[in-house]
Each structure stands twice: as structure tokens, then as C-alpha cells.
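**Q** Each chain, written out:
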Amino acid sequence: MLEALPYIAGALGALAVWWLLLSRLGVFLPEDVRAWRRLAALRGHPLPETRFEQTVKHARWLRRAQHELDLDRLLARACRDDTELAFVGKSAALALVVFALCLLIDAAARAAQGTWLAPPWLAIVLGFAVLPISLLELRGAARRSGLAVSATLADMLMQVAVITDTRGLQLHDAVRMLARCAHDPSLARLVDQESYRRLAPGPHRSTVEMYRAIGSAYGIDTLSQLADAAASTNVGIPERQAFTHLALGVYAHRLGHARMRAARAKVLVTLPVAAMLIPLLLLIAAPTFQAVSGGLGGG
Amino acid sequence: MSVVVIPDSVLLVAGVSIVLGCGLALCALVLGAEIPALRRRLPPFLETERDLAVALGWPWRVWVVVRSTSVAAAALLGLISGVWLLVPALLIAAVVGGRFAVAGRAARRQLRMERAFLAQLVALRERMALAHQSLDTALLEVSSEPPSELVQVLAPLREGGSMAQNIARCGARSRSALVESCCAVLLWARTRSLDALIDAIDSVLLPVGEAQLAVEEESLVTLTQQRAVIFAMAALLSVMLATLLRVESFRAYYATPAGALVLLVALVLFCALTVAVGRVVRTSRWTRWDLEAMLSQESRPHA
Numbered sequence: 003m004l005e006a007l008p009y010i011a012g013a014l015g016a017l018a019v020w021w022l023l024l025s026r027l028g029v030f031l032p033e034d035v036r037a038w039r040r041l042a043a044l045r046g047h048p049l050p051e052t053r054f055e056q057t058v059k060h061a062r063w064l065r066r067a068q069h070e071l072d073l074d075r076l077l078a079r080a081c082r083d084d085t086e087l088a089f090v091g092k093s094a095a096l097a098l099v100v101f102a103l104c105l106l107i108d109a110a111a112r113a114a115q116g117t118w119l120a121p122p123w124l125a126i127v128l129g130f131a132v133l134p135i136s137l138l139e140l141r142g143a144a145r146r147s148g149l150a151v152s153a154t155l156a157d158m159l160m161q162v163a164v165i166t167d168t169r170g171l172q173l174h175d176a177v178r179m180l181a182r183c184a185h186d187p188s189l190a191r192l193v194d195q196e197s198y199r200r201l202a203p204g205p206h207r208s209t210v211e212m213y214r215a216i217g218s219a220y221g222i223d224t225l226s227q228l229a230d231a232a233a234s235t236n237v238g239i240p241e242r243q244a245f246t247h248l249a250l251g252v253y254a255h256r257l258g259h260a261r262m263r264a265a266r267a268k269v270l271v272t273l274p275v276a277a278m279l280i281p282l283l284l285l286i287a288a289p290t291f292q293a294v295s296g297g298l299g300g301g
Numbered sequence: 006m007s008v009v010v011i012p013d014s015v016l017l018v019a020g021v022s023i024v025l026g027c028g029l030a031l032c033a034l035v036l037g038a039e040i041p042a043l044r045r046r047l048p049p050f051l052e053t054e055r056d057l058a059v060a061l062g063w064p065w066r067v068w069v070v071v072r073s074t075s076v077a078a079a080a081l082l083g084l085i086s087g088v089w090l091l092v093p094a095l096l097i098a099a100v101v102g103g104r105f106a107v108a109g110r111a112a113r114r115q116l117r118m119e120r121a122f123l124a125q126l127v128a129l130r131e132r133m134a135l136a137h138q139s140l141d142t143a144l145l146e147v148s149s150e151p152p153s154e155l156v157q158v159l160a161p162l163r164e165g166g167s168m169a170q171n172i173a174r175c176g177a178r179s180r181s182a183l184v185e186s187c188c189a190v191l192l193w194a195r196t197r198s199l200d201a202l203i204d205a206i207d208s209v210l211l212p213v214g215e216a217q218l219a220v221e222e223e224s225l226v227t228l229t230q231q232r233a234v235i236f237a238m239a240a241l242l243s244v245m246l247a248t249l250l251r252v253e254s255f256r257a258y259y260a261t262p263a264g265a266l267v268l269l270v271a272l273v274l275f276c277a278l279t280v281a282v283g284r285v286v287r288t289s290r291w292t293r294w295d296l297e298a299m300l301s302q303e304s305r306p307h308a
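Same order as they appear, the protein sequences are chains W and G.
If you count the first sequence from 1, you need to add 2 to reach this note's numbering.
If you count the second sequence from 1, you need to add 5 to reach this note's numbering.
Just to be clear, a hint being listed does not mean it is correct.
As the list claims (entries may be wrong) - Chain G regions said to be covered by chain W (calculated; three or more residues, Cβ under 8 Å):
no., region
1, 180-189
2, 250-264
Said to hold, decoys possible - Counterexamples of contact, computed for chain W against chain G with all Cβ distances above 10 Å:
no., residue
3, ASP34
4, ARG39
5, ARG45
6, ALA61
7, ARG66
8, THR117
9, LEU133
10, ARG145
11, GLN195
12, ARG199
13, LEU201
14, HIS206
15, SER208
16, SER218
17, ALA219
18, GLY238
Unchecked claim - Distance windows between CB atoms, simulated:
no., chain 1, residue 1, chain 2, residue 2, range
19, G, LEU82, W, THR290, 19 to 29 Å
20, W, LEU124, G, VAL270, 17 to 27 Å
21, W, VAL29, G, LEU266, 49 to 59 Å
Read the hints as simulated data drawn from the structure, not as lab findings.
None of the values given here were measured: they were computed from a predicted structure.
Glycine is no exception: its CB is placed at the ideal position from the N, C-alpha and C atoms.
Model the full assembly from the supplied sequences, consistent with the hints where possible.
**A** This is the structure in C-alpha cells:
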């Protein structure tokens, strides 16, 4: 029992920290205070920082790590509403659960068979592995989201040209409306649900300025090009002509890119094709090797 | 009867970890974390199957019967082989490989359908510009004798009723990004004037549609290369495996756990390399549109 005391102390300490964090985060605040804070956040007013947030803000190493990892930018580009702390908390929770489950399975196997199924430190490694995997997943989501936004924007240009010309709708209204009709929700989240305010909060004096700011902050070239096309309509070029030319330009770029990929693929594909010989050889070699080694052992 | 006893210390550490994990998850939720899995749509398996069936021009029921039969045949073949690992492997091959096997043909047919649709757009434009027909009459006449690739797609236009609804159904039935896009433009441009619509077809729909077709053709070339490579390697692997399993000693080896492990490693390697080929030879994706939603937006654009 004595050997379990450090663990109990650690557990109690962890629980105390957890309770402290919850209280610092305002979970135990009265309902009306939280409602006022929510309203203030919705209206964009700054909220008083908790001591925990102040500590995190002033920790230089943490700021440096945050800058390196750039979680806020990644979360914004992935069109996720999580805060950085929420993302870290979620990843840490997942890591702890993975660690606990691996350890429990390993221990159950040991109790049943008398030996560890895998070394117990593997549970710690697997738990820690969740953190970089979460980050990689976030980076992937940010990249995919950017590509999807670009693709949706490029594919809607033909309709934008017609809507702005025949229906007289403003560019931003047309883009928002069409974004809602696309199967992929990335552009709708960015433009229609205004998640762009995270990296490009504004205020913006015009659609052109806003699109340039979003395109620059989120790394979406098509949006910057759309802003340029919209700017050209201000000097007399008809909207239909401007957006149709942009659509043709985007498709010409895609065609060039597709041709380049086709040419490159002819070379690159030889590597996996050559590697495909490995499973073939494995299928023949494994039983032959087993038969030969069995024969030698028996002889 | 043996009793499974887990050491107390392990239970304590695991328990504390779970409690901490739950606490952190609660904190994350309080801080506004999202759960991406809940945000995603339902698995698009059925949607992809429907896309393939439409692209191949097969009725949905026929497609379901063919797919079920191929899966059942794969399971039977796996059972006959006597190697238990081949049952799930062949099942997966039937589900994924079956789709892959017909994807090239489906892409070619869809491209033909899209080319035919653009040709029909030219015919529609000629009817409106030269024969002075209204859009509704021109659409009805164009859809009365459609080319074989467009019989199913243009069928709603022949059914009467609201022309806007029919155009939307036409696009939804095609399950093609290009046709959906063209139908969307027709929906937006049809209500202003005939001249504006003709102008939209001339200056927007046809040039942009041709450009999109050119990209798709180039992507099809790339896709054909990729498929040829994977087909050749899959055929080689299958022939080799079938030849090996005809020999008694080899079959006995692959029925053992060690043999099953080797087979599993070989299959996983093959799948990984197939995925690698797919990543090397990636084609561009097009945006699909929800035309029903667009129709409701079109009816109240300033809402």
C-alpha cells in the first residue's frame, strides 16, 4: 500500500490543479456573468484575462513554442473555431486516454498470461505520439481547407460572372450565396459564417480590400485574384468579362498544372512500380526460405 | 477458472490518466473546442457508389446487384482457397477494387456525356438565336431526341412542370460538376432576357466549359496511366498468388499463422504502394453544387 502513496499524492495534486484550472476558466462563475462575457465576446469587446491566461501570455518559452507551432493561424486556416488552449487541451486529453487504455490492455494481458504483451513504456510513447499526430492532422486540415476554398472559388467564377451581370448582385453577396450552395462547406465557413475575422478582423472599407486581406492572411491566391478582378470592374471593365477572364485564367493554370503533373508522374511512378516487386518476391521467398531452413534443421 | 488480476498500481495510474483526460476534455469543451468528426457529413460511400452508377449509365438497382454479387463471389473464393486471411482480403478487394476497376470507364463515359452536354448547349443557343424559340421550348425540343449519353440526364426536361425545377433536377441527375455548373448558370440567367441568356452561353458557358473539359481530358490521361500501372501489378500479384496456392506445400504454409503474417505483410505493402501511386498521380477535383439549394437561393437572392 505504501508504494501506492506517491501515485495517490500525484493524483490528488492533479485533481487539485484541474479544479483550480476550472475555477480560473470561469466554470464556477454565476450564469449571468458568463452570459455577459459571452455577449461581450460576440460583440468583439476585449474580456478581462484570467490569471492563467496572463501567466501563459507572459511565459516566453510558451510564446516562442506557440509562435513556432502557429496554432492560431493553423486553426484559423482549418476554419475551426477552437482556441489554441482548447486545441492543446483536447490533444492532451486524447493523449492521456490513449496512454491509459494502452496501459490497461497491457496490464490485462500480463494478468492473464503472466508476461507483458508489450513493454509498458510503449503506452507512454503512444500517448505522447498523439500530440504530434494532432498537430499534423491540424496542418493537413488547414492545407485541405485552403485547397477546397480555392477550388470552390475558382469553380464558382462562371456563375459569379452571370449573377453579378444579369441579376445585379454585389460580388460579395454572390460569393456568399454560392458558397452556401457548394457541397464543400469550407468557403461557406470562411466567407458566409465570417470565420475570416480571426486572421483578418478588419474593418474593411470595400469588398476588394477585404478579399485582399483574407487572401493574404489565409494564403488563398484565388481570392486575391478575385479582388484584382473586382478592382478592374471599378474602372469600367464589365463584371461578366472580368470574372469570365479570371475563370479562363484559372482553368488555363489548372490545365498547365495537370500537364506538368502528367509529365512528372511518368518518372515518379517508376519508384512505386519497382517497389511492387517486393511483395511478389516476399510471397515466393518466405515459404521457400522456411522449407530450406526447416530441411537444414531436420537434416 | 483463472482470475485476471490487474496490479493496483497500474489501475491507479490508468485511472488517474482517464480522470485527467476527461478533465482536460471538459476544459477543452468549456474553451470551445470542436469535435471535427461530428462536423463532417455522413460517410460518402453511398454517394460515391451512386456517382459511379450514374457515370457508367447503369440503373442503381443493377449496380447494387452487381456489387453484391461481386462481394459474395469474393467471399466464396476466399473460403474455397482454404487460406482464412484471403477471405477479408478478397472482400476488401471486391469492395475497393471493384470500384477502382470500373472508375476509368466511368470517367471516360462521363467525359463523353459532358462533351455531349456542351454540344446540346450549342444547339440550344442556335434554337434561341436563329429560330427565336423561348428557353422552355428550346429545352423541350433539345431533350426530345437526346444523344444516348444524355438520355437519363435530360429526362426531367421532358416531364413538364416548372422548368427551373427541371433544370435543377437535370443537373442533380448528371452528378457531374460541369453539368451542374452549366445548369446553375441557366438557372441564374434564364429570367432576364433571351438575348442576355444567349450572350451568357456565348461568352461564359461555352468558353469556360471547354476549358474545364480540357482540364478533365488531361486528368483522364493521368488517371489512365495510374490505372494501367496498378492493374498490371494487381494482375501479376493475383496470378502469382493463384499459382502458389495450387501447390500443396505453399498452401499449407499460407494456412499457418506465420504464412498468414507474410501474406498480410505482402497485401499491406501492395495496398501502400497502390496508395503511393495514387498520391503521385493525383488529379484535380471539381466543386459539386447543391442545385436544390441554389434554386431556393435564386428565388430570393436578396434574402
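**Q** Could you work out which of the previously given hints the structure breaks and list their numbers from low to high?
**A** none
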